[in-house]
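A.B. asks: Chain by chain, the residues run as shown.
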Amino acid sequence: KNEVEQSPQNLTAQEGEFITINCSYSVGISALHWLQQHPGGGIVSLFMLSSGKKKHGRLIATINIQEKHSSLHITASHPRDSAVYICAATGNQFYFGTGTSLTVIP
Amino acid sequence: DAGVIQSPRHEVTEMGQEVTLRCKPISGHDYLFWYRQTMMRGLELLIYFNNNVPIDDSGMPEDRFSAKMPNASFSTLKIQPSEPRDSAVYFCASSLGPGPWETQYFGPGTRLLVL
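Quick mapping for you: the protein sequence lines, in order, are chains L and G.
Our numbering applies: residue 21 is where the first sequence begins, and numbers increase by one.
Our numbering applies: residue 12 is where the second sequence begins, and numbers increase by one.
Derived from the structure by calculation, the hints contain no laboratory data.
In this text, a Cβ means the ideal position worked out from N, Cα and C, and glycines have one as well.
Treat the hints loosely; a few may be bogus.
[Said to hold, decoys possible] Simulated DEER-style distance windows between Cβ atoms: (1) Pro99/L x Glu25/G: 37 to 45 angstroms; (2) Thr114/G x Glu25/L: 16 to 24 angstroms; (3) Asn42/L x Ser69/G: 22 to 30 angstroms; (4) Ile85/L x Glu55/G: 35 to 43 angstroms.
Sequences are here, hints too, so could you generate the full structure?
C.D. replies: Here you go:
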C-alpha cells in the first residue's frame with residue numbers, strides 16, 4: 021500500500037471546467053506539497069501547506085489534517101493547465117503520489 | 012537568481028561507465044535534494060543535504076550511487092558503474108529551510124540513458 025494515494029490517475033476536462041484532484045495519506049506529516057510537472061518535464065512547487073487552505077490565482081489547495089486528505093482545485097481550467105500534478109507528503113521521510121495527468125481540451 | 016542549475020541536461024552512456032551529474036542550488040538555500048523519476052516508480056528522493064552535510068541517504072538505491080556536496084554552491088551525484096536500469100530523469104532541488112519540508116525549487120533535470 022502506498023503511503024500517498026492520488027485520484028484520479030488521469031483526468032480530461034473541457035476548458036472552463038472546475039477541476040479537483042485528491043490526495044490521501046496514511047503517515048504523519050509536517051507538510052503536504054502539490055507539484056506541477058509540465059509536458060517538458062520541469063517541476064514547479066505550487067503549494068506547501070500544513071493546515072487550512074491556500075490560494076494562488078485560479079489554484080486552491082486545501083488540507084484536512086484529521087482526515088489526512090488534501091485537494092487541489094483549479095477554477096476556470098485552461099489548456100495551459102495540462103500537466104501532471106503530484107502530491108507529496110513530507111515529514112521524517114518523503115512520500116510521493118503517482119501523479120494525476122490532467123488534459124484540458126479547448 | 013538563475014534558479015537551480017543542473018548539468019548535463021542529457022547524458023547517454025554505455026553500461027559500466029561512470030556518470031556524474033552536477034547541481035548548483037539557489038544561493039542561500041540550506042537544503043539540497045536529489046531525486047530520480049522513472050515511469051515505473053515515479054518520483055523518488057535519493058538523498059538530501061543540510062548545510063552541505065548528508066542528512067538522509069536512505070533512498071540511495073545501492074553502493075553504485077554516491078553524492079557529495081563539497082560546498083554550499085555545488086553538489087554531484089555519481090553512478091559507478093552505471094546500468095541500464097539507472098536510466099531516468101534525475102532532478103536536483105533546493106530549499107531555504109528551516110526544515111526539509113519547506114517549498115523546494117527544482118532544477119530542469121538531467122535525462123540519463125544507459126545503453
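A.B. asks: Go through the numbered hints given earlier and state which of them the structure violates, listing their numbers in rising order.
C.D. replies: 4
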